[in-house]
Amino acid sequence: MYRNRVSLILAMSLWFAQPAFGLQCSSPTLKAASGVISNKQSYKITGDCTYTWSEIKTGVGSHTTTSDSLSFSYLGSASWDRLTGEAVETLKFTGDSVGVRDARAICSQDPFLKDPPGGPAACGAVKVTAKVESGGIYNLLVQGQFWAAKKLSLAEAQALSNLPPPSQPPPAEKPKVEQAVAGNSPGGTTVGGVASTGAGSTGTASTRSPPQDVAGRAAVIEQMQRGSGAASRQPMDARRVAQPAAESPQRAARVTGPATQMEIEGESFVTSGATTVNGGQARVQQMAGFGSGWSGGAQLFWSGGATGAVLDLFVDVPAASKYAVEIYMTRAPDYGQLQFEIDGNKSTVPFDGMAPQVMTSGPVQLGTFALQAGKRQLSLMITGKHAQATGYYVGIDKLRLYPAGPID
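Numbering (the numbering used here), first residue to last: 1078 to 1485.
Careful: at least some of the hints might be erroneous.
[Unchecked claim] Straight-line distance between alpha carbons at most 25 Å, and here's what the computed SDA-like set of lysine to any residue pairs gives:
1. K1204 - H1140
2. K1191 - A1481
3. K1399 - T1467
4. K1399 - G1381
5. K1399 - A1481
6. K1399 - G1374
7. K1452 - N1422
8. K1191 - K1208
9. K1204 - G1221
10. K1191 - H1140
11. K1134 - T1123
12. K1121 - D1145
13. K1452 - S1369
[Stated by the list, open to error] Okay, the calculated beta carbon distance ranges per label pair:
14. A1447 - T1167: 37 to 43 Å
15. G1373 - S1144: 46 to 52 Å
16. K1121 - P1483: 30 to 36 Å
17. K1121 - A1199: 23 to 29 Å
Quick caveat, the hints were computed from the structure, so don't treat them as lab data. Just so you know, even glycine gets a beta-carbon here, dropped at the ideal spot from N, CA and C.
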């Protein structure tokens, strides 16, 4: 009996450790951005973390808690590549913990934006590697996640990329999820204007000759690709055979009123005759066979073009103002590269339509332009194609113009 009582007293006097751990990190701060949103966007990020742990010892009638912590800062970069789908986050730690961390995954959209233009980002497994020189938190560092995931809005990324944010938010509806067709075009539909039977490419590259003034256009394109001021000052109208201006798809707005946001379906330019083409043909193409990512389920499809070909779109602008212009395009294995002009002013943002699958581009920010009221012109010139592309086709889903302040 005495021995049992001693055993009970000893058991009650033992202290039991109950460890608890936690890693608290501030939201990463975007320091800079570069690249083109919806193509390849890169960010520089920084943040701070505190790793705390505590041990609770419980005895007879009392308990004691001991706590400790270490703090460290991290600086690094994050990027997403539209062509490959690869998202990469690389961080370097300094402070009580020193080391580096690399996280990678294949994602359908930019996982570092709260509202990526092509819809929510879906990522595969995040593969993490870490090298810790000091500070024993290796197990926490290699958890499969991006630390900077979805911390930024599209508008914030636009501002830090020196791209003009819209003066008013886009419509309330969520952007449609980008749809991609793995492999070739579905049977019974066409991409590149050629019927697909489920085998081969998404279309056959056009063998049509480029416009007649090939030498002159080639020289202009070379200047454009070098960023020549002379090329940027020469409007596309001067490099093209004169054609009569077509009516725009909007109702004529000749009375000056307040500047408002405009959204125009690409296919409506064709149905209203608000296009001129020098090199190829423009027509409406139904896109339901490729998914639901296209506004209105259709696009303007430009085929038969080649390097130097030009497509003009005409827009009725209701009021003189600065406008931020964005265009939604289609990408596919047989689509070409473009340069844009808005009312004779060159955009500094090129577009490469090549992609391994048929997909929407999301918004391509062309810049901010001063536009007078009346009929204005958006011009697209084919400047070439990616080395892996098999054609020069072009697809336009829709066009948006946001008021961006009065003209200076």
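Hint-by-hint comparison with the structure:
no., hint, in the structure
1, K1204 - H1140, "41 Å, violated"
2, K1191 - A1481, "23 Å, holds"
3, K1399 - T1467, "37 Å, violated"
4, K1399 - G1381, "34 Å, violated"
5, K1399 - A1481, "5 Å, holds"
6, K1399 - G1374, "30 Å, violated"
7, K1452 - N1422, "15 Å, holds"
8, K1191 - K1208, "29 Å, violated"
9, K1204 - G1221, "6 Å, holds"
10, K1191 - H1140, "44 Å, violated"
11, K1134 - T1123, "37 Å, violated"
12, K1121 - D1145, "31 Å, violated"
13, K1452 - S1369, "31 Å, violated"
14, A1447 - T1167: 37 to 43 Å, "40 Å, holds"
15, G1373 - S1144: 46 to 52 Å, "59 Å, violated"
16, K1121 - P1483: 30 to 36 Å, "34 Å, holds"
17, K1121 - A1199: 23 to 29 Å, "25 Å, holds"
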